[in-house]
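Visitor: Here the protein sequences come in this chain order: L and D. Counting in full-length UniProt numbering, the first sequence runs from 1 upward without gaps. Counting in full-length UniProt numbering, the second sequence runs from 1 upward without gaps.
Check before you lean on any hint, since a few could be wrong.
Derived DMTMM-like pairs (lysine to aspartate or glutamate); straight-line CA-CA distance at most 25 Å [as the list claims (entries may be wrong)]:
no., chain 1, residue 1, chain 2, residue 2
1, D, Lys152, L, Asp337
2, D, Lys90, D, Glu338
3, L, Lys352, D, Glu366
4, D, Lys360, L, Glu345
5, L, Lys90, D, Asp302
6, L, Lys352, D, Glu369
7, D, Lys377, D, Glu164
8, D, Lys377, L, Glu86
9, D, Lys90, L, Glu320
10, D, Lys377, L, Asp337
11, D, Lys88, L, Asp337
12, D, Lys152, L, Glu345
13, D, Lys350, D, Glu369
14, D, Lys245, L, Glu345
The set of hints was computed from the structure by calculation and includes no laboratory data.
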Amino acid sequence: MASCLRRYGRRLSVSICEKRELSTACEGQIILQQHQQLQQTAKSMNLCSAINQALHLALETDPRSYVFGEDVSFGGVFRCTTGLTERFGKNRVFNTPLCEQGIVGFGIGLAAMGNRAIAEIQFADYIYPAFDQIVNEAAKFRYRSGNQYDCGGLTIRAPYGAVGHGGHYHSQSPEAFFCHVPGIKVVIPRSPLQAKGLLLSCIRDPNPVVFFEPKWLYRLAVEEVPEHDYMLPLSEAEVIREGSDITLVGWGAQLSVMEQACTDAEKDGISCELIDLKTLIPWDRETVEASVRKTGRLLISHEAPVTGGFGAEISASIVERCFLRLEAPIARVCGLDTPFPLVFEPFYMPTKNKILDAIKSTVNY
Amino acid sequence: MALAKFTSSSRSNLLKPLTTVFSTSDSFRRPISTSTDPLTIETSVPFTSHKCEPPSRSVETTPQELISFFKDMAMMRRMEIAADSLYKAKLIRGFCHLYDGQEAVAVGMEAAITKKDSIITAYRDHCTFVGRGGTLLEVFAELMGRQAGCSKGKGGSMHFYKKEAGFYGGHGIVGAQVPLGCGLAFAQKYSKDETVTFALYGDGAANQGQLFEALNISALWDLPVILVCENNHYGMGTAEWRAAKSPAYYKRGDYVPGLKVDGMDALAVKQACKFAKEHVLRNGPIILEMDTYRYHGHSMSDPGSTYRTRDEISGVRQERDPIERIRKVILAYDLATEKELKDFEKEIRKEVDQAIAQAKESPMPEPSELFTNVYVKGLGTEAFGADRKEVRAVLP
Ligand SMILES: Cc1ncc(C[n+]2csc(CCOP(=O)(O)OP(=O)(O)O)c2C)c(N)n1
Ligand SMILES: [Mg+2]
Chain L
1 MASCLRRYGR RLSVSICEKR ELSTACEGQI ILQQHQQLQQ TAKSMNLCSA
51 INQALHLALE TDPRSYVFGE DVSFGGVFRC TTGLTERFGK NRVFNTPLCE
101 QGIVGFGIGL AAMGNRAIAE IQFADYIYPA FDQIVNEAAK FRYRSGNQYD
151 CGGLTIRAPY GAVGHGGHYH SQSPEAFFCH VPGIKVVIPR SPLQAKGLLL
201 SCIRDPNPVV FFEPKWLYRL AVEEVPEHDY MLPLSEAEVI REGSDITLVG
251 WGAQLSVMEQ ACTDAEKDGI SCELIDLKTL IPWDRETVEA SVRKTGRLLI
301 SHEAPVTGGF GAEISASIVE RCFLRLEAPI ARVCGLDTPF PLVFEPFYMP
351 TKNKILDAIK STVNY
Chain D
1 MALAKFTSSS RSNLLKPLTT VFSTSDSFRR PISTSTDPLT IETSVPFTSH
51 KCEPPSRSVE TTPQELISFF KDMAMMRRME IAADSLYKAK LIRGFCHLYD
101 GQEAVAVGME AAITKKDSII TAYRDHCTFV GRGGTLLEVF AELMGRQAGC
151 SKGKGGSMHF YKKEAGFYGG HGIVGAQVPL GCGLAFAQKY SKDETVTFAL
201 YGDGAANQGQ LFEALNISAL WDLPVILVCE NNHYGMGTAE WRAAKSPAYY
251 KRGDYVPGLK VDGMDALAVK QACKFAKEHV LRNGPIILEM DTYRYHGHSM
301 SDPGSTYRTR DEISGVRQER DPIERIRKVI LAYDLATEKE LKDFEKEIRK
351 EVDQAIAQAK ESPMPEPSEL FTNVYVKGLG TEAFGADRKE VRAVLP
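My request is simple: use the sequences and hints to build the entire structure.
Guide: Next comes the structure, spelled out in structure tokens:
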């Protein structure tokens, strides 16, 4: 898997977006950085280090940014926040008590005063105690105050997804719950390079964002990541593999599984186009639509249970837009409609073979 | 330590040699003596109370009970050490939290209540389960995800349950079990059968908002619930004082009475739980703060030595270990010899090894089990498309 992601890295390093869509407090700095970029180098690192670098940059470039969560000043359970307290002090990088609702609510308040609040929820499985704060407070603050208040500086980071043996409460993919909430953005990176650029965009985006990190890839995914400060655009999907027979859409850790399926399908003469959605809401319909218009077929894959997963939304939208172009029913290869199982994880997961089967049956429909 | 202070009433009534028991070895749980003559022993430290009169420091016990405390705790200890090795051998997957160091809480609590009372706890649940009468086989089989496990292999380390003994089990979300416990207590109040619920949580969990919400409800409706804060002084890597403005957890109910207990002293725990049960049946909730310690790291991925010193850990082992405390009492009262206690431990070791061997024989759950128990019937568990082919599960 790591080598597969490394390939992404090479391909992607050319497509880094230098566009800055945010008016941050440090315009001058950005220009300076863009200038310096030319001489700057990339370094091989894993996803965890890439996140760590993004956090360093976020804290460095904006003195009004804060990182907090359970055990983060010790580096966090995944070591993503290592070194931040030492560097920026315990007033900007600090541990919170164990109380997710408090963490997020606090972050909303902090952000409402014009700060960048970067909150960590230790596992996405533990975001539910904070669900109300995210859905009812964060997402609707701007709207219901007629734009007097907002918590755009809030970014909630949470590791999500399977790790092989995480069991019921260390494996879930709760992204779809949040995709039902206008007012927040949901972003999921697939690789170290993506993670750094997208996280910086999320932190600097003037809307509250939930940023899910594929924890399976924290150490596994390694690629060349530019050392400098860069951002990748939100709400822009990316075609990471071009093809003509079928379009595959996914996000996060699932992309490397899908990529393997594409490679295998190619051996059988099937040409797959693979799209990384990156931002789930608001999502880039155009890129997906354009691809499906070309291939006439669509497969969506995610780890979360199939029913009510975000794949359902993509599928419905594409049927609305491309009904006459579709040559086969849209396939969804997803987690099963069960709680995330412990011993049955291999059955539950949308594996390469399941995807490959679905590619074949869709193409041969 | 306060062990020196004994007020025995029946030193003459000592136990007969243990060897006969061991030669049969059919069950190490069999008491070595039937002596149930009362014995009064002082707790290590006085109780500290909040808004209530603390119970007496003099705890009534019997030789039989002391021996069973020793055996039960020694077994729990051995079981957790074995789980540690199994995890390292990758025979246990998932997340695994060990209880060694905290055994006196599970054992003392059981001594004060009956199986009609309910217990609910978080994910550090192996020993609480054993306290409720769970077997070693059920423990190891569950840990390894086998059919013979207490949750049929579907739960794993964090999800042990035992319905017939009122163990509402292991919960993964920190703090979430406490409101549930209050609901159990409400049902108990309704049934008027004089039973109570012990809702266990950690010092880290003590900062979750839902605890306070549940406490208010329980106090408002006088529910027979005992909130047991197992204060092992760390929530993962966070020392209590870093996370709690007031680490006096027994006082944090404000309007709810509380008691601080030496959670390393099984007799003190027993006394406190007995007191608490009587209290809540008459007056509504109470908080028991058990001052205890976990020897292992938080979970298997935590070496447990980065946020606390090795000296601290070995200091607690030397000064306060719950098993050693009971060992000293037994020896001081001459209820068994040192050798006999060692033999107990050897026997336990064997039992644990046997249970592990047996658990390894137990098969993994059937693949169709993936789809059972989601709903009463298999509704909504259909697998779509390619999945159905792959899984080949027989849908109910
Ligand atoms: C809602 C929630 N947040 C975070 C976690 C991750 N987590 C598991 S245990 C734990 C520490 C709990 O400490 P404490 O309550 O003291 O119990 P102990 O582990 O010491 O028994 C944390 C943060 C979780 N399981 N659930
Ligand atoms: Mg604790």
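Visitor: All hints are to be evaluated individually against the structure, with a verdict given for each.
Guide: Status of each hint after checking the structure:
1. Taking the CA atoms of Lys152/D and Asp337/L, the gap is near 20 Å; set against the 25 Å cutoff, the hint holds.
2. Only pairs whose Cα atoms come within 25 Å are accepted, and Lys90/D paired with Glu338/D is rejected, the gap being roughly 36 Å.
3. A C-alpha spacing of about 23 Å is found between Lys352/L and Glu366/D, which places the hinted pair at or below 25 Å, so the restraint holds.
4. At roughly 20 Å between alpha-carbon atoms, Lys360/D and Glu345/L fall within 25 Å of each other, so this suggested pair holds.
5. This hinted pair checks out: Lys90/L and Asp302/D have alpha carbons roughly 23 Å apart, not beyond 25 Å.
6. Distance restraint check for Lys352/L and Glu369/D: the Cα-Cα separation of roughly 23 Å lies within the 25 Å cut-off, and the hinted pair is therefore satisfied.
7. Distance check on the hinted pair: Lys377/D and Glu164/D sit about 23 Å apart at the alpha-carbon level, within 25 Å; holds.
8. With a CA separation close to 54 Å, the supplied pair Lys377/D and Glu86/L exceeds the 25 Å bound.
9. Of the pairs offered as hints, the one joining Lys90/D and Glu320/L is violated, with about 48 Å between alpha carbons and a cut-off of 25 Å exceeded.
10. A C-alpha spacing of about 13 Å is found between Lys377/D and Asp337/L, which places the hinted pair at or below 25 Å, so the restraint holds.
11. Between Lys88/D and Asp337/L the CA atoms are separated by roughly 32 Å; this puts the pair beyond 25 Å, and the hint is violated.
12. Taken as a hint, the Lys152/D and Glu345/L pair is honoured in the structure, with Cα atoms around 16 Å apart against an allowance of 25 Å.
13. Restraint check for Lys350/D and Glu369/D: not satisfied, since their Cα atoms lie roughly 32 Å apart, outside the 25 Å limit.
14. Between the alpha carbons of Lys245/D and Glu345/L the distance comes to roughly 41 Å, so the proposed pair goes past 25 Å and is violated.
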